[in-house]
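**Q** Read off the chains here:
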Amino acid sequence: MIHPLTKTLAGVVALVVFTPAVGAENRTGEQIYKQMCARCHGAKGEGTKKYELPLVGDRSVAQLAHLIDRTMPEGDPDALDAEGAKRVAEYIYDAFYSPTAQARLHPPRIELARLTVKQYRNSIADLIGSFRPAPKPDGRTGLRGEYYNARNFQPKARLLDRIDPEVNFDFGKSGPNDQFDVHQFCIRWEGSVWVPETGLYEFVVRTDHATRLWVNDLRTPLIDRFVKSGSDTEFAEPIFLLGGRAYPIRLEFLKAKQGVDDSKKNPNPPAKPAFIGLHWKRPHRAIEVIPNRFLTPQRFPEVAVVSAPFPPDDRSLGWERGTTVSKEWDAATTEGALEAAAYIVAHLNELAALQPRDRDRIAKLQAFCRTFAERAFRQPLSDAEKAFYIDRQFEAAGNDPELAVKRVVLLVLKSPRFLYPNAGRAADPYAIATRLAYTLCDGPPDKELLAAAAANKLSSRAELLPHAERLLQDPRGRAKVHEFLLTWLKLDQVKELVKDKKHFPDFDATLVNDLRTSLELFLDDVMWSPNADFRQLLLADEMYLNERLAKFYGYSVAPEKGFKKVTFESQDRSGILTHPYMLAALAYESESSPIHRGVYIGRGLLGITIRPPMDAFTPLAPDLHPSLTTRERVALQTQPMACASCHGIMNPLGFALEHFDAVGRFRAKDRGKPIDASGRYETRAGTLATFTGAKQLAKFLAESEETHYAFAQQAFHFFVKQPVRAYGLTKPEELRKIFAENNFNMRKLIMEIAVMAALTAPDSPPPPRANPPR
Amino acid sequence: MPLTRSRREFIRDLGLSAAALPFLMNLPSLGFANQTQRKKRIVFVFSPNGIVPKDFWPDEVGENFQLKPILSPLEPFKKQLLVLHGVCDRIRGDGDGHMRGIGCLLTGIELFPGNIQGGSDTPAGWSKGISIDQEIKNFLQKNPATRTRFGSLELGVMVPERADTWTRWSYAGPNKPLTPIDNPYQLFNKLYGRAKDNQVLASVLDAIQDDLKKVSEKVDAADKRLLDEHATFVRDMERELKEQQTAAQNHPIPQLEPGIRRDNDNMPKISKTQLDLLVQSFVADFARVATYQITNSVGEARMRWLGIDEGHHTLSHEPDSNQPAQDKLVKINKWYCEQVAYLAQRLAETPEPGGPGSLLDNTLIVWTNELGKGNSHTLDNIPFVLVGGGLDFKMGRSLKYGKVPHNRLLMAFAHAFGHEIKTFGNPSFCRDGVLTGLV
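Same order as they appear, the protein sequences are chains E and S.
If you use the working numbering, the first sequence corresponds to residues 1 to 774, in order.
If you use the working numbering, the second sequence corresponds to residues 1 to 439, in order.
In isolation and in its complexed conformation, chain S is listed as follows:
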């Protein structure tokens, strides 16, 4: 109900009732909830349309493995890398492969019957359950020691302005898809809007006080008391804003380059800007969980900056025998991998505030995909590439599993946060418990 959407989101994201708002001037303190315990973070990165298996999966198992072309950008982080082959999205039911691919990826549960018709199968609606990122966020937000201002951030790059099964992967609950923010300015506003507002407010306070003084001279002595009282509140506000600005000096508001257009050709710049803001959010401890959705299921990014004019999804249907198309798909997937690598690099070069090591030492990036392979629409061997030390998994390995349901991996993420759920998503895929071999 606030006048603009950004403020509505702002209030909601604070997790505070609207009634508490007028008394809340000291926001940044919320951003530094906990400085004693080691922080753990997780970032889920989505890219669409499957990968090219032969140029993706390492041949070897164990600590000695070679990175194939698509994964080559992660070479500098090989010691902090864990590649999981053989994890399968076993969810069936309504919806075509793409819809289930994205809709069940983080939720591990079926889609509701609905009115969205895919290229095959029955029509479907939204997912029937919460996604693992939100499950972990809720767990962290329940505990004052791990609670942060936002809990989680849902980001994206060029996500179509259309809410349907193909464009959402993070769910707050059944039938509750979350809209990723793919506009850096909107994201900036969410993160720093209030701090910016307070700066402007502080800069006009002297004028407000002058104004009160002038008007006060014009009123009756009995009425002047009311305005004098009012003036004391304005002075209080000035003091509070000053205190707040002192407290916020540790985390200055970043500068955002103006005029970044939201269009296909600008994807590299948008992606970099979004990732920079994400890293800064971690520095400020605004959130410990994030999702990063590049385009959408069936995404049609045209990577002209790589010399590729066709849309990604169209290309992904080309048969294995079409070598030029496969080459392009490798390039496209490598570009997605570069985004993961850029994030890893930014995290690695940023020291953990108030702790030893880097942000990457305390963050796990999970790069995944809606499909195992684009031209077969298989949900087997869903790519799961993990980077970083956040969850204390034993990194620097390539593992191969035998068709394990991905629910067990999702549970493993929660367990690593100390959230020991017995099932997640469809319980029939959780019978064998948390995925082993990660630690």
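Chain E on its own, in the form it takes in the complex:
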């Protein structure tokens, strides 16, 4: 692997040789750069044909100086002494290398952005949802079960009501209890299901009898197997759902014959067994009984989920943003608008609160349309706007009010005022409300925020913070925070976790599913603990385990259902770094991978830009080096000079986790040799940090300003979706300080970020151009 700084100066050697020697002490960094570096790297570090990559990056001056001293000029590093290297480093750092220098040369700006795909879907769902009741989650879990001692759901046969934590029953040949007829009874479960992330869910009902399942739309069943037919016992249907929301759900189970009642004719049939289970497959997860924590007996209203497919958003900078448009995107917004219009017309009486024979139907529909437009644009309509978006559409539709509603919905949802929440808007309170809501929830402002905007109470940090706190706690806010943590761990992109069956026969899809749950429970646990202390993510000495995981990883838990927090004892574990899901994700199928682990720690935690290798490499096969440990093999392969400049950083970070194999199990030895888990890191401050094992590594990272800086910057980009330096060249460092001053409380950091972004108006438009002089 070749780093930019090392490949460079091969062609420059000659130049260096013929340059009259000038004492470094007499030259400025700029002079040295021009004489010894510019020919390959370009006058402003922009790169040349010889060496194309520009000299930009995130190393510190100290790190640069060290690197230049060791490797530059390429092929003749002795031509420049340490003092000269330091001066060059200082010069290029300030002139063009550092992100701040780059931001000075090419000032980033807050760009006009359309809604991202996620924001678009949330906006439609919330917009339509704003015309429905919005119950506050009451925290209860499970589903309400109604048990009927009859062949159908007749009220007088309802024998039993209870909350069931989950639906997974095997009744055998008996009834739910002794009061029930073993031949015929039926059960209806109702409530809502919390959906943690956006994606395609598969709901699966397993039963040997008749069943029906409704999800979100309670009028049309998602699964209709009320006619029991044949011997199938598993019924599955997919449905696309948005994360951070609860959807109404109803499940019916019927152990009885339908049609003609022949129970009198046929009084003593043999008893048949009966079972029923409500399962799901979350996106990219294994099938599981829907866990208790995702079920609630509370009834939430239906959600309008736009399913029109959209092209994915630009993620080239590591976070989704809406700064580009395409024909496909425009076509998708048309589909979305048509879908929404059809939905609204189909639910018009409910949404517009119309009575069947309303005399003032037209007036009510116009009022509904106006509110709809105002909520879609997240601000009140002026009279002229009302005339344009509402009145003219009703006029054009003649005496067909539903057509008028359709026209309004299409016009509003295709309007740039809806699609670009910030377009042409300065620092008015509605714009602030809009920015705050999208930053925290990827959705539009709620009623409280709009009311505050109307009262002009959104002009300062103090006024915004309580709203930020509320939105962060909102289920949609929580879902976004959760997604951020997964993004920070680089686990947001789909990746299948498959291991060598020969080495790890028990490491199957179910176990992986449990591991992911364990990790996500831990993340939420820290985030929503009173202090939300970032360092706990790295330092915690506990992990969530269920019985299956405990058995696999050699811990003991009480043999109860579900996940329990277990404290590590002897093993060298610490927080997310040693969570088996992370360790397994950052490993090969049968071997650990110090390089992948090191790259994650470097890029993800310390925020170092590590470019991919110039060529693709296949790792050395363990079989060909049977006597070498993984550490030794990696060291052997990455020894060459071309590899060393990056691997010199990554490998020693990853080596500290060598106590953990490809599935994240602790090991004392590798290939019969004791594990060497010693590692080091040359900090940006120029010091050398050393550590042995995961605990010491985690401690170093938890205390490192570099980690805090990187976390805060990543949070800013993830939540705001704009370049942080567009808000000021010193913003990243300010964020780090805010983070530190708040004892690394992640929630406070995110709220401060959101408030800061909300109060910063995008560059205001230039004054209208005067007529050009004649």
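These are computed hints drawn from the structure, not numbers from a lab.
Treat the hints with caution; some may be incorrect.
Taking CB as the label site, the calculated pair distances span [stated by the list, open to error]: (1) S:Pro353 x E:Glu402: 27 to 33 Å; (2) E:Arg132 x S:Gln245: 35 to 41 Å; (3) E:Pro238 x S:Gly357: 41 to 47 Å; (4) S:Gly307 x E:Asn152: 56 to 62 Å; (5) S:Pro69 x E:Pro155: 44 to 50 Å.
Don't be surprised by glycine CBs; every beta carbon is placed ideally from N, CA and C.
Given chain E, put chain S in place with the hints provided.
**A** Chain S alone, transformed into the frame defined by chain E:
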């Protein structure tokens, strides 16, 4: 998953993956897949509860035959008529006569064991196999030359809002019953919803462009580029919609009378509206296969417009000796026959687009029933009355077969489309091959 059911069906019915949707603006072109080869169509019409044999079956065999009262509405189409007596539904197994009557009629195979208990016999579930209409549809949809937008349409009149063995006759496969659309507005939406949507969209495009211009003036010059780019896509859409509307002029969207209530007394109007939409679908070549299910097995239509207050199924149990009841049953069945005749008439008076002759010359109507006779629940001598020239059968005849399994007739329909299946449904009823004597 789309927001409303009609759009979900719309996407599914297009036979396109959802991913293709945003790029699909030019729908009607899908409706005119093939203009060169002769089109062949088939429509299966269901009516329930058996018939009155003595007032249904012609006495004669061959080209010279008299129509009995029930079939008299088909007098104008006698030359395009083929009456098949002696075709029997021989499927046994789970389910009572009615359930097997409807569930095995187009599938030719047994029902699964299940939880639906009839008035007699063992309980049953859905059919174990695909129905012949879907088999033919799949065959036609596989070939680009015969592929149409929907392939098939499943229609009905007053089908109860209840999915069970008695209410379904068309199956996409084992355990996969298809729900007939009995609401003309829902059907209209399926056929023309998108075209209507595009009209509305086209009518607000100017306003959308104005809006973009106005907002564009308020943003920074660097940001204006993004909105300008956006505006070019809106102009593209405008052009595509215009092209589409030009292409669609050959087949204007029909007008549907508003406010048709879905209730028993409105059956005549619903039926006429549904049949009109079906004929228009054929003109637009939306589909080549259709099923038309009037009520359901054990259907209880009360034909008060004929002066009959009792439900059809209840009447059908009356013995042959109850003459007033038998008279009513004749009237009821004659009304069903009138629906077939109306369809035949509409097809006959509509010229085949892009070809010689009428739609009826290229369509075969198959009117059939779940039972041979209501009060005996027999599955022998199931009525099969064929109208139209679609499958090149030799029409204008009355034929009598000797207890042939109806599987052989179902195979004959497929063969007439060039789909030469060796068996259909339960293979043991297919041993003697395709039913002969039709061509």
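**Q** If a hint holds in the structure, say so; if it does not, say that too.
**A** We went through each hint and held it up to the structure:
| no. | hint | in the structure |
| --- | --- | --- |
| 1 | S:Pro353 x E:Glu402: 27 to 33 Å | 32 Å, holds |
| 2 | E:Arg132 x S:Gln245: 35 to 41 Å | 36 Å, holds |
| 3 | E:Pro238 x S:Gly357: 41 to 47 Å | 46 Å, holds |
| 4 | S:Gly307 x E:Asn152: 56 to 62 Å | 36 Å, violated |
| 5 | S:Pro69 x E:Pro155: 44 to 50 Å | 49 Å, holds |
Checked against the numbered hints above, the structure violates only hint 4.
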